[in-house]
Amino acid sequence: MASMTPSLFLNPVGGRLMQSYSPVAMVKVLAPLAALAPLLIAGLYATDTLSIPLLFVLTVIGSSFRALQAPTFAKILPLTVPESQRAAVLGYSAIAFNVSRSVGPVIAGIAGTGLAYLLSGVGFLIVAAIVIVTPLDSAQSTLTTTGPSASHNAAPKGSSFRRALRLMWNITAVRILFLCVVVFYLVSGSIHQLLAAVAKDTSTTSLALGALFACAAIGAVLTNRPVLRYLDNYGHRTRLLSIVIVAAALTVVAFGFSSGLIFDMALMVILGALGEAMYLVVQRSILLELDEADSGAIFGLFLAILTGASILGSIGLGLLMDAVGVRSGLVTLGVVTLVIAVPLILLVTRASSKPQQASTDD
1 MASMTPSLFL NPVGGRLMQS YSPVAMVKVL APLAALAPLL IAGLYATDTL
51 SIPLLFVLTV IGSSFRALQA PTFAKILPLT VPESQRAAVL GYSAIAFNVS
101 RSVGPVIAGI AGTGLAYLLS GVGFLIVAAI VIVTPLDSAQ STLTTTGPSA
151 SHNAAPKGSS FRRALRLMWN ITAVRILFLC VVVFYLVSGS IHQLLAAVAK
201 DTSTTSLALG ALFACAAIGA VLTNRPVLRY LDNYGHRTRL LSIVIVAAAL
251 TVVAFGFSSG LIFDMALMVI LGALGEAMYL VVQRSILLEL DEADSGAIFG
301 LFLAILTGAS ILGSIGLGLL MDAVGVRSGL VTLGVVTLVI AVPLILLVTR
351 ASSKPQQAST DD
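Position 137 of the sequence shown, counted from 1, bears residue number 137 in our numbering, the numbering being contiguous throughout.
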């Protein structure tokens, strides 16, 4: 929780800051700062001087820098390739996002506490070094307000966050997208956070949890290219979002009836695939299709809402598991999601049949 809470508040701040400052400069500063906390934790752990309060404080500090950096780093990735390849590189970054959520805990479990923190800190330093040496599109890597798409050039910089909230509500497609994000990550996020309880319920081996996380990563990798091709060729996002939400609910219900690790692993492949599809739709809709002057702040809001939904879902599922058991709690969560999904899909379908609201003026 200490590592997730800063994202809830600081992802939107990071998105808003990159509307006013160079995203490249922000990553060059924030990535080394994000490396400090895990490197300090690794050093303190190695010398046996790490206390629980100090671990908590350093975790919050490190997570805060990572939260500020996350939307900014997503924004500069397309600048590393020609414009014709930007949709593809965003697709690859979606793999990185979903695979890191799944493989990270596996690596940490294998490496051990001290080495895991050391690798994390070194990783952020490598990110900073790569950004420094990688040639970027200079026309887009400077202040957003100086870019060619700065149609909102006259808007005050401080209004970016409030404007993002208004756009999220006023543009029907974005509003529907965010509702789908909330429902999906209430389910998917809670499963990822409480996967240890699921693994323990069907297996006594410590490798079970790692196997489940690895299966989610496999699902994300296998799904990336087919979903990208679907979006390029057809672009029926309404249909895809509806399928993803219903399939996620049914997958969680199936989790509740599972009685073996092999079946759980197969279900995690499906859940990982669904998470990849959802992230690709959101990423493309925000970073490629919204106005350059607003996309950063709105993507920061997306990351915050993703985190908030995961936290709330984890709390709710945890209470359900305590009350009725692990498997019954999963069935209940899946059924509730299906009940919510029905009116949401009707809303999505109805909205897609209407002309999109074009005005985004304040």
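Don't take every hint at face value.
What follows is a set of in silico ranges between Cβ atoms, one per label pair, in the way DEER data are often shown [claimed, not checked]:
# : residue 1 : residue 2 : range
1 : Val339    : Ala266    : 21 to 29 Å
2 : Phe56     : Gly318    : 14 to 22 Å
3 : Arg225    : Ala266    : 17 to 25 Å
4 : Val336    : Ser51     : 14 to 22 Å
5 : Val336    : Val60     : 50 to 58 Å
6 : Ile315    : Ser51     : 40 to 48 Å
7 : Ser100    : Ala266    : 17 to 25 Å
The hints are simulated quantities; they were obtained by calculation from the structure and are not laboratory data.
Using N, Cα and C, we set each Cβ at its ideal position, and we do this for glycine too.
Status of the hints after comparison with the structure:
At about 25 Å, the CB distance of valine 339 to alanine 266 agrees with the hint of 21 to 29 Å. Here the CB-CB span from phenylalanine 56 to glycine 318 is close to 20 Å, well matched to the stated 14 to 22 Å. The hinted window of 17 to 25 Å between arginine 225 and alanine 266 holds, with their beta carbons roughly 21 Å apart. The hint said 14 to 22 Å for the Cβ distance between valine 336 and serine 51, and at roughly 40 Å that hint is violated.
Here the CB-CB span from valine 336 to valine 60 is close to 32 Å, at odds with the stated 50 to 58 Å. For isoleucine 315 paired with serine 51, a C-beta distance near 27 Å fails the hint of 40 to 48 Å. Checked against the hint of 17 to 25 Å, the C-beta distance between serine 100 and alanine 266 comes to roughly 22 Å, which is consistent with it.
Violated hints, listed in ascending order, are 4, 5 and 6; each of the other numbered hints is respected by the structure.
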